[in-house]
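S.K.: So the chains spell out like this:
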Amino acid sequence: MKIKKKLIFNNGNVIFNSLIVLIFLISLIVLTSNINALGITPGRTSMDFSSNLQKEISFSVINSENKNMNIAFTVQGDLVNYIEMDKEVIAFNKNENSKDFKYKLNLPKALSPGLHQAEIIATELPEDIEDIGMVVKATVSVATQLYIYVPYPGKYIDVNFDIVNRENENIIDFYLPIISRGEEKIDKVRGIIEIYKNNEKIRTLETNEISITSGSKKELNLNWEPDVAPGEYSASAKVIYDGESTREIQKAFNVGNGSLGVLGISVNNFKLGDVAKIKILVQNKLSDEIEKAITNLKVYDSQLEEIVDLKSQDYTIPAKSNKEMILYWDTEKIQKGQYSSELKIDYNNEFVSKNFKIEVNEDSMYFSGIGFVVSSGDNKKISTTNLLIIVIVILVLINLIWFVWWKRHKKKV
Amino acid sequence: MQNKNMGNKINSNRENKTKISKKSKAIIILQLTFILGIFFFVYFFAPKLEYPKDNAILNKKDIGFKFKNANVILVDTNKEFSSPKEIDLDSLNITNILFEPGIYYWRAIGILKSPIRKFTINSNVGLELNEENSTLKNIGDVQLNITKKNRSGITGLVILNIDVEYPIDLEANTTYHGGQYEN
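Quick note, the sequences are listed as chains A and B, same order. The first sequence lines up with residues 1 to 413 when you count with the numbering used here. The second sequence lines up with residues 1001 to 1183 when you count with the numbering used here.
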């Protein structure tokens, strides 16, 4: 019995010692945890070329890890000779979340047509080092870019291609945002969009025709009501302008409802302070199984500060069937009230995203308001404004009629 | 007697004319007042845009639009408003709207359409290197073009989406560089 007690005592000692070593190791790991993180804003400043332009451009470096460090600035790119940075190295202390800087841009009289670039690079250095060459470990750098566009002689267009599927209305919107980068005005600009299924052209669509002045931005758009079977298609777009043509841009898109739909989101038997089990009911509309679908819910408070970022496990959703995806939210530090949230489900290199309002009460949690951002624009209800306009128009009409009547009556008298 | 009657008629005509001209004046003044009233009504009730100001460059992504005398705002990426988003902040019961980095145009719609304002949402580039896990993570709000720079030169590594972690073979004397991706 005594031996057993001694053993227990010895075991306790071993456990105690092991605990101390473990705490020491954890502290060491925490204290020496090596995360290098750096931010910079804006990521890019774009402007049109202006001869001999002198300008100061501001940017901020963000001390994402709130730690003591040095930052070294370097400049690279074909505009390097036209950029001046006052400081090469600056120190951040852990209380400084961000610092603002400026660089001077002194453009020459002329540059060749097209895009000219520079990168102002901020590189993280350990706090006791002021020279990038002295850094022996791995480090990170981030850049704020400068894009200068010099107009092309004659006519020139830069184009992008966006496709939006209005699932509920069975309409595909094609957008071609264009920028006139040439020196001359373009009288006739139109877009041609070719639709392909399995590399076979099935439709050719054409946008309206517009004109565009030098340096300005416009958008060509086209609404297509697809009369083809649901599924994946590709579109190839090019812009024809005054006899010339841009490069072709290709993009894939889906016809019909998205392959994954969110049917509902709910929480049962909830009590504030507990871990809430959030059930998201999704529907796989495809005839194939969806593998590795992950759902992610970000919740924001009234100041739009992110308060939680929840992620689910991987789910496999059988073909043409519904599946419940589960998220767990520890509400211990959550107060009752209204929150906004963004739900995102990633699958097959695609994603579906919805916005919800969350009403958190002592014993309930409600999700409402799917897709809050946009109303379709064809809202036919009479608003207060419309009512006012109608009242003003009626008043003006009455006044006009009365005035005409009075003039005639006066003549008779 | 006839002369007296004639005199009375002339006087009565004069009185009538004076009355009519007084009436006319009053009516013209009323008309002017009405037109001015409408003008002031439209002026005071025309949408007034307060925030964001024209050509504002903003580092934050959530924008709290401030305007008067309007129900909804239109937001688009081009000033022709060819594909506008119509947002009714009141009916949606929200005050702020989240935007991706880019250039936007907005106007308010009330009795009249307000002038067009432009604002820019700056992109944030952020890169995190976790040496323990040997990963790089995009902590900004735009896609990053990641390159690595060491003694052998600059090598393209990966185009990294927002919030995505990317495993690397961590190398000493190497700078992992993140810049906004072309798109």
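Derived by calculation from the structure, the hints in this document are not laboratory data. Ideal placement from N, C-alpha and C gives every residue a C-beta, glycine not left out. Don't take each hint at face value.
Said to hold, decoys possible - Lysine-lysine pairs mimicking DSS-like chemistry, simulated, CA-CA at most 27 Å apart:
1. K1148/B <-> K238/A
2. K251/A <-> K1149/B
3. K67/A <-> K1118/B
4. K271/A <-> K336/A
5. K137/A <-> K197/A
6. K102/A <-> K1118/B
7. K238/A <-> K271/A
Unchecked claim - A short list of chain A residues far from chain B (calculated; beta carbon distances all over 12 Å):
8. E119
9. D227
10. F253
S.K.: Against the structure, test the hints numbered earlier, and report the numbers of the ones violated in rising order.
M.R.: 1, 2, 3, 5, 7 and 8
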